[in-house]
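Residue numbers (numbering that gives the first Met the number 0), protein chains in the order written: chain A, 0 to 137; chain B, 0 to 137; chain C, 0 to 137; chain D, 0 to 137; chain E, 0 to 137; chain F, 0 to 137.
In short, the hints are calculated from the structure, not lab data.
Heads up, a few of these hints could be off.
[Unchecked claim] So the derived list for chain A, only partly shown, Cβ under 7 Å to chain E, looks like this:
(1) Phe11
(2) Ile95
(3) Glu126
(4) Asn129
(5) Ala132
(6) Glu133
(7) Ser137
[To be verified] List of simulated lysine-lysine pairs, DSSO-like, C-alpha gap at most 30 Å:
(8) A:Lys136 - E:Lys136
(9) B:Lys136 - A:Lys136
(10) C:Lys136 - D:Lys136
(11) C:Lys136 - F:Lys136
C-beta atoms are modelled at their ideal positions from N, C-alpha and C, and glycine is treated no differently.
Protein chains: 6
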Amino acid sequence: MIRTSLTRAIEFPAGHRYERTDWTESENEARFGRCYRPPGHGHNYRVEVTVCGEPNPETGMIVDLGELDGILQREVVEPMDHAFLNELPEFAGGLIPTTENLSHVIWNRLEHRLPGNIVLVTVRVREDRNLWAECTKS
Amino acid sequence: MIRTSLTRAIEFPAGHRYERTDWTESENEARFGRCYRPPGHGHNYRVEVTVCGEPNPETGMIVDLGELDGILQREVVEPMDHAFLNELPEFAGGLIPTTENLSHVIWNRLEHRLPGNIVLVTVRVREDRNLWAECTKS
Amino acid sequence: MIRTSLTRAIEFPAGHRYERTDWTESENEARFGRCYRPPGHGHNYRVEVTVCGEPNPETGMIVDLGELDGILQREVVEPMDHAFLNELPEFAGGLIPTTENLSHVIWNRLEHRLPGNIVLVTVRVREDRNLWAECTKS
Amino acid sequence: MIRTSLTRAIEFPAGHRYERTDWTESENEARFGRCYRPPGHGHNYRVEVTVCGEPNPETGMIVDLGELDGILQREVVEPMDHAFLNELPEFAGGLIPTTENLSHVIWNRLEHRLPGNIVLVTVRVREDRNLWAECTKS
Amino acid sequence: MIRTSLTRAIEFPAGHRYERTDWTESENEARFGRCYRPPGHGHNYRVEVTVCGEPNPETGMIVDLGELDGILQREVVEPMDHAFLNELPEFAGGLIPTTENLSHVIWNRLEHRLPGNIVLVTVRVREDRNLWAECTKS
Amino acid sequence: MIRTSLTRAIEFPAGHRYERTDWTESENEARFGRCYRPPGHGHNYRVEVTVCGEPNPETGMIVDLGELDGILQREVVEPMDHAFLNELPEFAGGLIPTTENLSHVIWNRLEHRLPGNIVLVTVRVREDRNLWAECTKS
Chain A
0 MIRTSLTRAI EFPAGHRYER TDWTESENEA RFGRCYRPPG HGHNYRVEVT VCGEPNPETG
60 MIVDLGELDG ILQREVVEPM DHAFLNELPE FAGGLIPTTE NLSHVIWNRL EHRLPGNIVL
120 VTVRVREDRN LWAECTKS
Chain B
0 MIRTSLTRAI EFPAGHRYER TDWTESENEA RFGRCYRPPG HGHNYRVEVT VCGEPNPETG
60 MIVDLGELDG ILQREVVEPM DHAFLNELPE FAGGLIPTTE NLSHVIWNRL EHRLPGNIVL
120 VTVRVREDRN LWAECTKS
Chain C
0 MIRTSLTRAI EFPAGHRYER TDWTESENEA RFGRCYRPPG HGHNYRVEVT VCGEPNPETG
60 MIVDLGELDG ILQREVVEPM DHAFLNELPE FAGGLIPTTE NLSHVIWNRL EHRLPGNIVL
120 VTVRVREDRN LWAECTKS
Chain D
0 MIRTSLTRAI EFPAGHRYER TDWTESENEA RFGRCYRPPG HGHNYRVEVT VCGEPNPETG
60 MIVDLGELDG ILQREVVEPM DHAFLNELPE FAGGLIPTTE NLSHVIWNRL EHRLPGNIVL
120 VTVRVREDRN LWAECTKS
Chain E
0 MIRTSLTRAI EFPAGHRYER TDWTESENEA RFGRCYRPPG HGHNYRVEVT VCGEPNPETG
60 MIVDLGELDG ILQREVVEPM DHAFLNELPE FAGGLIPTTE NLSHVIWNRL EHRLPGNIVL
120 VTVRVREDRN LWAECTKS
Chain F
0 MIRTSLTRAI EFPAGHRYER TDWTESENEA RFGRCYRPPG HGHNYRVEVT VCGEPNPETG
60 MIVDLGELDG ILQREVVEPM DHAFLNELPE FAGGLIPTTE NLSHVIWNRL EHRLPGNIVL
120 VTVRVREDRN LWAECTKS
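Work out the full structure: start from the sequences and follow the hints.
Right, here's the structure in full:
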């Protein structure tokens with residue numbers, strides 16, 4: 000059996016900061032280093048979303064790309080582009096906006112909003128050229 | 000057990016167009032948007048072919064790269080480079096040359112033409128920086 | 000004196016073909032090789048437009064990026080994205096849509112449509128990773 | 000005469016925000032759009048510094064790369080990496096940290112701190128893949 | 000179940016040469032081509048190391064990045080950067096330093112030196128833009 | 000007046016080492032650091048050659064790309080690909096194969112071998128993503 004997947008990448012800049020308010024300043028500094036520096040910094044995030052399914056025999060497509068782009072725009076780009084990630088609902092309670100956690104947040108935003116005939120396979124979040132996190136269904 | 004794979008990437012420009020002749024013009028436009036525009040457009044395709052196998056203890060190689068390159072040249076680059084994909088035998092009957100379908104076409108061209116000691120694992124076709132399809136044996 | 004410039008890049012796929020109708024088939028083949036193959040192929044073009052001017056002391060910007068983006072969208076992306084370049088008005092008379100000529104065409108489309116306080120410095124057109132042409136005012 | 004130049008690239012993430020405190024909220028929004036969103040966002044900046052000079056006949060180098068790297072580290076990376084650019088001394092008075100202005104700030108930090116035998120030619124600051132500013136001596 | 004992984008990339012230049020001293024010169028040439036040319040050549044290697052584990056609920060991290068970077072620095076960058084790979088202990092006995100073998104060597108150097116809560120998933124070694132090898136636990 | 004240029008990029012791996020035999024070991028180490036490590040290392044070099052001229056009105060090309068590619072192949076790729084740069088005639092007398100010197104060597108190899116209607120404008124040699132040298136006629 001051959002599995003077919005399609006991956007769509009989106010990019011946006013955002014800000015973030017690593018800080019636990021229940022830790023002392025020196026604990027935060029020791030653990031988070033420069034990521035603790037107030038008031039924060041940011042990245043050009045790149046998110047690669049992989050879905051799998053059967054190509055529609057009429058169109059040759061796993062998913063209507065316009066529909067997928069609309070979902071990614073509404074669930075990810077619109078709320079996160081030029082935003083400070085710590086202020087998103089998922090992070091506002093103190094969850095640290097690491098690359099790992101951001102990939103989970105995006106997974107959860109997308110998983111149940113995709114068209115019924117496709118399955119979310121991977122959400123990869125690249126913070127920069129040399130660091131990325133991935134959520135995969137195992 | 001550690002599995003070892005090797006990936007070779009090739010690139011070539013090609014043309015294509017999305018059109019179903021059994022659909023009206025407005026159906027084609029609604030579904031395929033700018034990809035329906037006659038007489039077509041094109042992309043710099045990038046194809047990444049992954050094979051796995053045991054490194055030969057004498058050469059340290061899974062596959063003779065010259066042999067693999069020859070196969071990729073003959074089965075993929077020679078017929079597809081600067082070609083109009085809709086005119087390939089696989090697409091000439093009306094199959095839409097989407098990224099998904101192109102990855103299947105390349106999979107089928109390669110699967111039984113590789114040396115016996117290696118197995119085709121993945122064919123990834125990148126249409127541009129932000130969209131790619133992948134066939135994988137599951 | 001320090002000169003400040005700003006460069007904006009845009010990308011779009013398009014199709015093209017090299018053919019002189021006043022040449023024989025074998026002359027076309029000899030001179031244009033695979034670029035002569037009917038009905039054409041295409042590329043993911045990348046266009047980098049450089050303008051220079053004085054940063055506005057209030058905004059720190061040479062040019063309003065929204066305004067520049069609007070001009071690039073209207074003059075370049077809208078007419079060229081998913082188009083067959085040979086059918087653009089500038090190429091319809093038989094001018095070959097080479098990278099060199101495309102950079103001139105884009106230069107001419109932009110030169111007199113930029114805001115008055117900035118000057119067009121360079122139009123660079125990348126056909127692929129390894130080939131690009133540039134128009135510069137000398 | 001052949002001129003020889005050498006370019007060194009450095010990368011770091013930083014935060015910034017565009018806001019003029021002497022403007023109303025709606026003026027800021029109209030002019031700066033999402034870049035005005037509090038408390039700010041950020042980018043993975045890439046700075047490319049070009050110097051020219053005569054290659055030393057003994058070493059074949061225009062400049063000792065370790066020395067140049069030390070200067071870039073001290074003047075640019077150390078103060079800007081994971082920082083909020085608006086808080087740098089040059090921007091703290093309200094100068095907007097645009098790509099254009101950041102390239103000037105880096106030019107000024109470097110110009111008189113380079114070894115005597117080389118000349119600063121260009122400072123290019125890339126905010127993302129599709130936007131960059133450049134200062135050049137004209 | 001969602002599996003979370005983190006990937007860290009490192010880059011370094013190194014030299015290598017393919018030669019079996021138990022083969023004749025013409026056997027070496029026939030099999031290894033230009034990779035046999037004395038005294039050797041080299042590449043800018045890029046190594047991408049993927050680990051998986053549970054994000055720590057306090058820090059949102061699978062692994063302390065400073066700790067992981069220290070391990071990669073000590074086990075990979077320090078001994079391999081600007082080195083001639085054939086002289087590493089693993090290759091000194093005549094094992095050919097192919098991309099496949101190098102990925103195994105790095106896998107073995109890392110596997111038992113990672114913190115206890117994370118698991119090594121993949122070691123990918125890129126020799127250039129168009130060729131890479133990968134070790135994965137299967 | 001608009002100047003048109005065309006740039007062609009080529010890539011090849013090569014080896015090199017920095018050493019002055021008239022210096023002591025510790026002088027070499029102090030000045031060249033890891034680049035002095037015997038027996039050498041290497042890089043994936045990328046060379047970008049820019050020429051300018053008038054586009055031929057019949058073909059729309061500054062230069063026949065096949066002819067330019069042949070020259071680059073013969074003068075640069077053939078002798079340098081998988082070679083140890085210190086053994087090239089230009090470096091064999093002890094000239095250090097730095098990026099700066101390599102750009103001069105390539106300039107000299109190309110300058111008088113290009114077709115008569117085009118002019119060599121720039122030779123850029125990239126040693127890696129973050130370091131490159133350029134020769135330009137001034």
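Hint check:
no.: 1; hint: Phe11; result: 20 Å, violated
no.: 2; hint: Ile95; result: 4 Å, holds
no.: 3; hint: Glu126; result: 10 Å, violated
no.: 4; hint: Asn129; result: 4 Å, holds
no.: 5; hint: Ala132; result: 5 Å, holds
no.: 6; hint: Glu133; result: 5 Å, holds
no.: 7; hint: Ser137; result: 4 Å, holds
no.: 8; hint: A:Lys136 - E:Lys136; result: 17 Å, holds
no.: 9; hint: B:Lys136 - A:Lys136; result: 17 Å, holds
no.: 10; hint: C:Lys136 - D:Lys136; result: 17 Å, holds
no.: 11; hint: C:Lys136 - F:Lys136; result: 17 Å, holds
Violated hints, listed in ascending order, are 1 and 3; each of the other numbered hints is respected by the structure.
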